[in-house]
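**Student:** Sequence:
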Amino acid sequence: MAPVFNLLWVLSLLPANVAVAQTAPIADVGYAKYRGTQNTTLGVNTFFALKFAEAPVGALRWKAPKPIEDSKNFTTGILDATTAGPSCVQGYPYWILPNPGRPAGSEDCLHLNVVTPSNATSTSKLPVLVNIHGGGYTLGDGNSIQPYALVRHSNNSIIVVNIQYRLGSYGFMGSKKFSRAGGATNLGLLDQRLAIEWVQKHISTFGGDPKKVTIMGGSAGGGSVTSQMILYGGVRKPPFRAAIAEYPWWQQFLRDQQLEKQYNNLLSAANCTNMSCLREMSEDALALATQATYAKGYADEAYGYGNFYYGPSVDGYVIQDLPNEEFKAGHYTKVPLLIDRDQYEGFVFTNQSITTTAEETRDMRVQFQYADDTFMQQLYNLYPASAFNSTVWQRQTWFGDFIINCPTYFVASALTLTGQKVWKLIFNAGSQEHGATGPYLFDINYNSSPSANVTLANIMKDWFISFIIHTDPNTQSWSGVQKPSWLQYQAEANIMDVNYTQVGVLSDRYFDKSERCDFFSENGAIIQNR
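With UniProt numbering applied, the sequence shown covers 1 to 530.
No lab work stands behind these hints, which were simulated from the structure alone.
Glycine included, each C-beta is placed from N, C-alpha and C at the ideal position.
Heads up, simulated DSS-like pairs for lysine-lysine below, C-alpha to C-alpha not over 30 Å straight-line:
#1 Lys421 to Lys334
#2 Lys72 to Lys201
#3 Lys211 to Lys421
Ranges of calculated distance between the beta carbons of each label pair, as one might list FRET restraints:
#4 Val366 to Leu506: 32 to 40 Å
#5 Trp478 to Lys33: 32 to 40 Å
#6 Ala387 to Ile526: 20 to 28 Å
#7 Lys33 to Ala491: 46 to 54 Å
#8 Asn119 to Ser448: 22 to 30 Å
#9 Ala292 to Trp478: 43 to 51 Å
#10 Gly419 to Ala387: 35 to 43 Å
#11 Glu69 to Gly419: 32 to 40 Å
#12 Asn389 to Gly316: 43 to 51 Å
#13 Ala64 to Ser386: 48 to 56 Å
#14 Lys72 to Tyr370: 44 to 52 Å
All chains should be modelled from the sequences, with the hints used to inform the complete structure.
**Tutor:** What follows is the structure, given as structure tokens:
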């Protein structure tokens, strides 16, 4: 179970010494009124589990999300928004948890949390951060990462919204067969987009400025950010003005035949022959059936260690082509971007028990289903065993490169070709592993930790908040800490390198502008199962 906690950076909701106000804040969003909670210690109001879509259950399973404003099921009076809502139904890849039983979560999960300064009014017009959680598109929820440290560091000058979306087979089922049966594809991404559009409509009620929305996410959340940028081929007027993609997770996009096999596995596990049967199942029975597909897929070597099996796919409409191709072609929403990655992105996704080249090669063939011997040999030439002290480190390097490191280069370099503002950072501090930036940005108790690097935490929060407010990480500082100017990214220059001893700008030739990333770009059709 340990890898889950590395992936999801789960923090406590509030510090222990919270003081809660006796008078709860009320928000009127037009179609409903909500009662939230007030934290007088931090000076913020939190509204939990505000629905942005109707529950995608029964006949609405595998349908595009319906805006909550269209619902006729709201009760009158003030609705409670003082406690966190359920996560969406979780899905555990076999390599994380072989036998989880009935996975946690609920289908009625399309809601979001709003954290806003207590003194904000409907005319305050504060910048807004919309956070998309990670978890490999199968795990996680809107409470995985808490925003209180960022809000406090900004002197309560931003609003943060944490959103949820359908996961696993509920949100990322595909194939022509599935579509013919009446299922909609890339639903998790459509849920995200509807949540962002809800923010556009209603965030002014909480004091936010709909013209100053930044979307942000880490891991699958970071991959989701890049997907939102290429949604529908990249729209001219998106419901956000800037984006932050932390260690974006570019898991392989499955071919139609692979997607159809997922769908067939679900039908089989549910003892169904059609979509109508699936939509009539009880929530518990369906949850067990969806979880069974992870075990079946792993046994069939349809996915391997480190892969989460479900995720976005090319459907020709929501996602019109592979991400690398869309960015190279300029088919993306043109907004300022801050993008980062950690030093050892592949480590927590690597089986620590592999010791031989034969074991690694077998794993490689599972990861790259359509690769031939030439591809394998080229990969080994670029990652020779002699360059690493163990098979584990060899494997973690190529895995981290193809799934996160090189995508940061692909996206950043593509944006420069159309003159977009982009800043790229390599984080080589803390754990140095996937999610290493988490404590520095989101842990409200981090500064009191005996091993804390308070200066670095202040620098990171300064940069991110300045970008959220000004779309430039250099414009404003809240900590007063001296730091180098973070120059805009240029093809092979201006990477902000953060490590234990220094913070400074280096060339991307030291990192991701390399023969290795060129190889993955040239073989994108193989990597992404095209």
